[in-house]
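Work the whole structure out from these sequences, hints included.
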Amino acid sequence: MIYLIELWESVREFIATGGGVLYFVAMAVFLMWILMIEKFWFLSATYPKIKREVIAKWDARTDTTSWYAHRIRDTWISETTEVLDARMITIKTLVAMCPLIGLLGTVTGMIAVFEIMAVQGTGNPRLMASGISMATIPTMAGMVAALSGVFFSSRLDAKVKMAKAKLVDSLPHH
Amino acid sequence: MNKFIKTAAVAATLMLTAGISTNAAANQLDDLLKQVKADRVSVAKLDKKREQEFLAARADKQALLKKAEAERAAEQARNTRLTKAFADNEKMLTTREAELEAAKGDLGEMFGVVRRASGNAYGTIATSIVSAQYPGREVTLDKLANAKEIPVLSELEELWFALQTEMTESGKITSFEAEITQLDGSKASTQVTRIGSFNLLSEQGYLNYNDDQGLIQPLGKQPDGSIVGTVSPFISMTSGYAPLFLDPSKGTILNLETQKATLEERFHQGGTVGYVIAGVLAFGLLIAIERLVFLFLVGGKIAAQLKNRTTPNANNPLGRLLQVYQDNKNVDAETLELKLDEAILRETPKIERGINIIKILAAIAPLLGLLGTVVGMIGTFQSITLYGTGDPKIMAGDISMALVTTAQGLIAALPLILVHSVVAGRGKSIFHILDEQSAGIVAEIAEKEKQ
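Same order as they appear, the protein sequences are chains A and B. Per this note's numbering, the first sequence starts with residue 85, numbered consecutively. Per this note's numbering, the second sequence starts with residue 3, numbered consecutively.
Any given hint could be a false lead.
Pair by pair, the computed Cβ-Cβ distance ranges are [said to hold, decoys possible]: (1) B:154 - A:97: 47 to 57 Å; (2) A:171 - B:260: 26 to 36 Å; (3) A:216 - B:376: 16 to 26 Å.
Footprint (simulated), chain A over chain B, 3 or more residues, beta carbon under 8 Å [to be verified]: (4) 257 to 263; (5) 408 to 415.
Straight-line distance between alpha carbons at most 30 Å, and here's what the computed DSBU-like set of lysine-lysine pairs gives [what the hints assert, rightly or not]: (6) B:68 - A:248; (7) A:133 - B:430; (8) B:430 - A:250; (9) B:450 - A:250; (10) A:243 - B:341.
In case anyone wonders, no lab produced these hints; they're calculated from the structure. Each residue gets a CB set at the ideal place from its N, CA and C atoms; glycine is no exception.
Okay, structure coming up:
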């Protein structure tokens, strides 16, 4: 418990030096990771069942070569890939947004620096330093968040593509 | 011969004339002689007199000289006496000082400490907000700090008393009646709450103690609403505990807060470019809301239609596609596909309309921010041209405009990007139903009807 409190304290301290923009970075990272974990879970646990059902339904069909059969097959593939693709755009958008939020932090931090300069002049570098840390820490946080997301989201993307291709291959015209 | 005669004649003539005049001047010469004789007597008399006078004066001077010499001797004697007295006094002073030093002993250091301590105490007590409640405490301290002579016991007690008061009062939260000088110069007497030596509060919010003039003034601008909001409940509370924002720096942080720009002021710092960006954001969000509502309604109707495939409803795109099949039940598959494609082409623009505009606006917003940056930097360099780089405060205004627009561009872009991804995802799934799945749905219905 004390360990958790200490951890929370250090997080709060980090946010205090980095400024409010870090909350947005944290929100984006949280959402991104929740969505990615959900997607991984879906691919490994739920999707195989859906795939089996579709394949069983296709195998149960007697007619697999007519125009009607082709259209029906396309529909089933489209329906399944839609489930596979769901929220992938959002994940990618969030990954792309993280550095932008970091950049926003840079700019707001620099605004703080120049505000201090406007009021106090350049005489007090210690006052300016708080603004500079507010500028640099969110940038770093945004970069780290984006980097953590880039690898796993591209991995996820590849998995989804593979799953789609395999599904198409598993529905042969017999 | 002739010459001799001439000379004789002249001489005779001369003698003749001389003989004549001698006779006339003989009386005068006698008188002169008589007079000279008489004069000689009177001059001798005069000389005598002067000699006597001179002699008399000489005697006087002699007396004066004697007197002056006597005076000099007296002064010299006095000088010796006084020098001796001075030396004696000096000696006595030294002994006395030594006696004083001996008598003071360690106390000498103490007086130095007292002076220093009262100097320090003057600094803290004069600027302390406790002085707002108890004015005039610093006068005795100032006297004590600058005193040349040894302080007396009552003054030492004064120092001790002042320090003790400050210490005790800085641990108390008290309310007292005081005169507040408003920002417009008017004065009013109100209830003031003092939190130790940290903050002064009133119903108006945080107060400032101006120690130069001994005035209690409200802050030029109160800090954020969340901070000021704690003041009023704290003052009206009678017992128990209440949260309150304190300024541990005794006013410095609050003064910095007054110079901080509010969010609204920041927004206006962005200038024209900032307003354009705000317009872009508002426009983009309006489109996004309209699209989301539209797609949500259409999606709901399509979902309802998917459950009830046999009776097409004309109020949704999928229903209209199914209607195409119902109208062309007896045509061959290829013709049906062409008819379906045509219907899909009719429906898709309605679904995809506006989505790209959101994307474009999301791309434009940071670019506008960049424009603002450049405009601000142009302003900065103009002021450098006019005033030089000597005063960073002049440049800071334009630089903050440059940065504020950049931030506004990003702030506008982020929600637009996010909302675009949501709208695009929603639109794409409807488009997939229409484009890729409608033919299959038609095929399924057709198969069922054939059986």
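Next pair to validate is residue 133 (chain A) with residue 430 (chain B); report whether the Cα-Cα distance is within 30 Å.
holds (25 Å)
Looking only at beta-carbon atoms, does the pair residue 171 (chain A), residue 260 (chain B) fall within the given range of 26 to 36 Å?
violated (47 Å)
Taking 16 to 26 Å as the stated bounds, is the beta-carbon spacing between residue 216 (chain A) and residue 376 (chain B) within them?
At roughly 23 Å between Cβ atoms, residue 376 (chain B) and residue 216 (chain A) fall inside 16 to 26 Å, so the hint holds.
Tell me if chain A covers the region 257 to 263 of chain B under the three-residue, 8 Å CB rule, please?
holds (count 4)
Holds or violated: residue 430 (chain B) and residue 250 (chain A), Cα atoms, limit 30 Å.
OK: residue 430 (chain B) and residue 250 (chain A) at ~22 Å, within 30 Å.
Within 8 Å of chain A's CB atoms, at least three CB atoms from the region 408 to 415 of chain B: coverage verdict
Satisfied; 5 residues make the cut.
Per the hint of 47 to 57 Å, is the separation of the Cβ atoms of residue 154 (chain B) and residue 97 (chain A) within bounds?
This hint holds: roughly 53 Å between Cβ atoms.
CA of residue 68 (chain B) to CA of residue 248 (chain A), is that 30 Å or under?
violated (144 Å)
Given the hinted pair residue 243 (chain A) and residue 341 (chain B), is their Cα-Cα distance within 30 Å?
Judged against 30 Å, a Cα distance of about 37 Å means the pair is violated.
Between residue 450 (chain B) and residue 250 (chain A), is the straight-line Cα distance small enough, at 30 Å or below?
holds (29 Å)
Hint violations for this structure: numbers 2, 6, 10, all remaining hints satisfied.
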